[in-house]
Amino acid sequence: MSTEVTSRQPEAVREAFEQEFGRFARFRGEGRAVALSELRLADAEAALRELAELRTRHAGKKSALANLKKQIGRVAPEERAAFGQRVQQTEAEIAASLDEAEAALRSHAARARVELERLDVTLPGRRPRRGHLHPITLVRRRLEDIFVSMGYAVEDGPEIETDFYNFTALNIPPDHPACSVQDTFYTTEGFALRSQTSTVQIHAMQRRKPPLRVIAPGRVFRRDTPDATHNPMFFQLEGLLVDRNVTMAHLKGTVTEFLSRMFGAGTRTRFRPSYFPFTEPSAEFDFSCFKCGGTGRLAGEPCRLCKGGGWIELGGSGMVHPNVLRAVGIDPEEFSGFAFGFGIDRMCALLYSLDDIRLLFENDVRFLEQFN
Amino acid sequence: MLISYNWLRDLTGSEWGVAELCKRLTMRGLEVEGVHEAGDDSVIDVALPSNRADWLSHLGVAREVGVMTGRGVRLPQTESKRTEGRAADFTSVDLQAHDLCPRFTARVVRGVRIAPSPAWLAGRLQAVGLRSINNVADITNYVMLELGQPLHAFDLDKLGENRIVVRRARAGETIRTLDGVDRKLDTEMLVIADAARAVAVAGVMGGAETEISDATTNVLIECAYFAPASVRRTSRALGLQTDASDRFERGVDPESLLRAQARAVALITELAGGAASEDAIDIYPRRVARPSVPLRFGRVGALTGLDVPTADALRILDALGFKVSTGGANGSGAAKPDGAIEVAPVEPGAQVVFTAPTWRYDVALEEDLVEEIARHFGYEKIADELPVSHNVGEHRAHEGRRRAARRALTSLGFDEAISFSFIDAAHDERFELPPGLVAGAGGGGGAGENAVSASKNAASDAGGGDEKDSGERRDPRFVTLSNPIIEGASRMRATLLAGLLASLRHNFNHGTRDVRLFETGRVFAAATDGGERPTERESFAMVATGGALEAGRALAPRELDFYDLKGALEAAADAMKLPPLEFAADDSARHLRAGQSARVALGGQAVGFVGRLSDEIAAAYKFRQAVFVCEVNMTALLDAGETPARYAPLARFPSVVRDASLVVDRSATFAEMRRSVLGMNLEDVRGVALFDVYEGERVPEGKRSVTLRIEYRADDRTLRDEEADALHRQIVESLERKFGAQLR
Chain A
2 MSTEVTSRQP EAVREAFEQE FGRFARFRGE GRAVALSELR LADAEAALRE LAELRTRHAG
62 KKSALANLKK QIGRVAPEER AAFGQRVQQT EAEIAASLDE AEAALRSHAA RARVELERLD
122 VTLPGRRPRR GHLHPITLVR RRLEDIFVSM GYAVEDGPEI ETDFYNFTAL NIPPDHPACS
182 VQDTFYTTEG FALRSQTSTV QIHAMQRRKP PLRVIAPGRV FRRDTPDATH NPMFFQLEGL
242 LVDRNVTMAH LKGTVTEFLS RMFGAGTRTR FRPSYFPFTE PSAEFDFSCF KCGGTGRLAG
302 EPCRLCKGGG WIELGGSGMV HPNVLRAVGI DPEEFSGFAF GFGIDRMCAL LYSLDDIRLL
362 FENDVRFLEQ FN
Chain H
2 MLISYNWLRD LTGSEWGVAE LCKRLTMRGL EVEGVHEAGD DSVIDVALPS NRADWLSHLG
62 VAREVGVMTG RGVRLPQTES KRTEGRAADF TSVDLQAHDL CPRFTARVVR GVRIAPSPAW
122 LAGRLQAVGL RSINNVADIT NYVMLELGQP LHAFDLDKLG ENRIVVRRAR AGETIRTLDG
182 VDRKLDTEML VIADAARAVA VAGVMGGAET EISDATTNVL IECAYFAPAS VRRTSRALGL
242 QTDASDRFER GVDPESLLRA QARAVALITE LAGGAASEDA IDIYPRRVAR PSVPLRFGRV
302 GALTGLDVPT ADALRILDAL GFKVSTGGAN GSGAAKPDGA IEVAPVEPGA QVVFTAPTWR
362 YDVALEEDLV EEIARHFGYE KIADELPVSH NVGEHRAHEG RRRAARRALT SLGFDEAISF
422 SFIDAAHDER FELPPGLVAG AGGGGGAGEN AVSASKNAAS DAGGGDEKDS GERRDPRFVT
482 LSNPIIEGAS RMRATLLAGL LASLRHNFNH GTRDVRLFET GRVFAAATDG GERPTERESF
542 AMVATGGALE AGRALAPREL DFYDLKGALE AAADAMKLPP LEFAADDSAR HLRAGQSARV
602 ALGGQAVGFV GRLSDEIAAA YKFRQAVFVC EVNMTALLDA GETPARYAPL ARFPSVVRDA
662 SLVVDRSATF AEMRRSVLGM NLEDVRGVAL FDVYEGERVP EGKRSVTLRI EYRADDRTLR
722 DEEADALHRQ IVESLERKFG AQLR
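Read top to bottom, the protein sequences are chains A and H. Start counting at 1 in the first sequence, then tack on 1, and there's your number in my numbering. Start counting at 1 in the second sequence, then tack on 1, and there's your number in my numbering.
The following block holds chain A by itself, in its conformation from the complex (with noise of 0.2 angstroms):
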């Protein structure tokens, strides 16, 4: 082999390679931003298709550039080191023109395809839709858990219920209003629907022997025509304590406690005398505003949920009268205790700001969708 032919060699490859990459030059140095701008995803894939492809026919095992390499040891000694180094160079500058152009359409495609493929991320996620329970549930749950963490039992009675729980036991005599059937449903067969759930402290008093704490969630009706404000059926929570030493501040450190916790500490409890069959002395309670913090006035104006009074009148209570309790066959003077009830419903118009509590029983999904 004549020195002029191989020390012309390189030469040759590096000029047919440049020929063919002529076309990919453009993915090179200052002027590429422009040229791949240009570029689409699928024409960028197809010029990486092709470089792969030149890449193999320039570089690849049976390129000249291989073929060149193999001729190194045929070369003079003398020529040998400068032969060498020259196809060396030529090597390189195939690679890095082909690494170049490469990683530029490689980097675009990559961009691209992630343009491609984004997503409106405020599209509603997969979900099914969830339902929700009653909000007298919610009210009723959570209430139960304060007075359970209280050391209260749950305990519960029929609603269909005899005069001797609904009235008798309870100190109403038979010709108070709330007998009549003006006010008391009656079945046909002389049976009243409970008009309040104090019946199942009788049960309870019955069932358990003082010392004794229950709490009795649950249904009562009444013969009030639905409006806005009233409804034939509602929910009561009525809680009972019995024993030794029970005074009216327990009465009252009670109810403050646990309405603390549905309100928010510092809420502040208001008694008032009150009469009630079933309890002597009697009180009704209200407890400070949430809304104003009992100061009746929000942003300037009077607070709209107490009407500027600072208070929200809740519901009734007394020391368990001493007839009652020797109804069940409790000492009174032996044992005392406190009683108290009120509407879960009210508490529930309260805390959402219900201005129609006939909704709680049309069962309207656009309602029902609204607590959680």
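Since the hints were made in silico from the structure, they are not lab data. From a predicted model like this one, the values you see are computed outputs, not experimental measurements. Glycine included, each C-beta is placed from N, C-alpha and C at the ideal position. Worth double-checking, as some hints may not be accurate.
Stated by the list, open to error - To list a few chain H residues with every Cβ distance to chain A over 12 angstroms, as calculated: (1) 11; (2) 90; (3) 260; (4) 659.
As the list claims (entries may be wrong) - Listed next, the stretches of chain A that the computed footprint assigns to chain H, with coverage defined by at least 3 CB atoms under 8 angstroms from CB atoms of chain H: (5) 209-223; (6) 280-287.
Please arrange chain H on chain A, whose structure you already have, making use of the hints.
Frame of chain A; chain H shown alone:
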């Protein structure tokens, strides 16, 4: 009751402003519900407890203010300007019914001139909501509102023989009352009569014929104490409730009749002229007894937690009009000769016996006195204390299970409903009841059918509730209200479905068509043996219709069907840790469409039904889309034992699955095929699951293609494909034989 602020001030001399007064009244048990201006006066609306009849007057309220100020009340002037002759000179009273009228008094004013009332009198009455009539009639109303004692003025000259007879009404007797209505009386009603006829219904309303008119010159002022129960009965029987009857039936002060009468007579002589009789006829054979109530002072603190000094307790009771019983005093709370209580140190254990004032009907026990003392000492002084606990908290039985079931259902998109417990009796025959509530019902075929089939036709006629008599419709199986308030809703529900379907209708009416609801609550049935309280049981029901909605997406990916509801029921049961529920095709539930209904059982015991609502009921509700319903005996589910979670070692070797697509008759069920495979007892067969069901093209009519996925696994080695294939072949052959199945 409406209270005039100025009037109250006249009686008390209190200088508290309206706001201060209202606050104090409220904190003493006279709850002020509102205040409005009326000229130079303020009218206070007070809600009174039902046991305080004595508060139904300005004097009654003034007494409470008097206790608060410590200055008592200023009773109004009762001296008549002119008197002449004795009452007996002009009239007589024959009291024939002592039992219904313990005291009757009559006084006469002669020579009056009936005229409109002066402005101050008419104004006060109007302020508290009464219409002015004439001077004499207004005065009787005024005194009632002032002192609490109802009075009646008769035109003396129109009374037959100018005399009064107090007696029971005669059989068939009638009277035209002041409101112009002719009323039939019965022989238990007390009347005021003259020589011939009834002239007033005692304690309720006067008669029109003896009413004060412009021509009246001589009047008889009746002031009496009628037995409360008698007035209540008469008022109810006549359907006539008046200011007078309200007061009499709750009790007026029998000892203040003469004062009220003197007050009225004094005002008449002042405003209408004339001369009053010097005295009154007063028939009061037996004084109305007042209860004596012992009080141990230590009980005040024991019940209220208040530390009330004995002197304060005595002061409060004295100011309220309680007297220490003569001879009843025990200890140092001795009565002075004038009856006032000597305020001396009293031991906390000491007991003093008090007599309640004659206007109080609410005091009978020591606790009542404790309340009076605490009330005026101030409930606001009671501390907040938590009682020492001797108890542990405890949820209702099964509360965890209830909550778990609710959670499972809400996570499947079901909203919780609560419906009224009373429903229209038209629903009686509409629904198959879950088993066990009503004798014989809901067993699924069998015994239940006979009991209801007789009345089935009648029920379908009743359909949309076109029955006119909305009152009670008795049915010995159910509980019926004798006095419903919502028209037609007289039946205590024996099923929750009536309420849920009504809710569904409501939702459709408001444009919501994709609805899933569940409800738990009591259902009711008559007791099986008479006299017993009705049966109450907890029921659980669901309805589902429309699309399987996804949150935030308007279009449901598919419509709900039978399997959605069945799946929800299974999920709830699973959450309750129940063993798997059993479902069997059952066309006997009359509210479900045949072929799409199943009887549900738990441990072999029927508990309810699930299925598609029948076309008849759907049409009655005007439902235009498929509705799926389910109701089960919740009590039975709650009472069933829990399936405990138990660990089983994880499989050490992989399993192999093989699918088999089999074309079978539509009558062949998945459950049977599955049971059949498992029944072969092949050792390495681990499970049979449903892969797919297909009907349509390339499957002949009357057939369906069921693809089963069968899992094979050995415990001691990796099962080879050939072994699995051999087992699979055996199973497919067996299915082909038993079910006439063909491999697709």
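So, going through the hints one by one against the coordinates:
At roughly 25 angstroms, the least C-beta separation between residue 11(H) and chain A is larger than 12 angstroms, which holds for a residue marked as non-interface. Every Cβ of chain A is farther than 12 angstroms from the Cβ of residue 90(H); the closest lies at roughly 41 angstroms, confirming the non-interface assignment. With 12 angstroms as the threshold on Cβ separation, the claim that residue 260(H) sits away from chain A holds: the shortest Cβ distance comes to roughly 27 angstroms. Distance to chain A confirms residue 659(H) as a non-interface residue, since its nearest Cβ pair spans about 32 angstroms, more than 12 angstroms.
A stretch counts as covered by a chain when three or more of its residues have a beta carbon under 8 angstroms from one of that chain; for the region 209-223 of chain A and chain H the count is 5, and the coverage holds. Against chain H, the region 280-287 of chain A contributes 5 residues with a C-beta closer than 8 angstroms to a partner C-beta. That satisfies the three-residue criterion, and the hint holds.
The earlier numbered hints are all upheld by this structure, with none contradicted.
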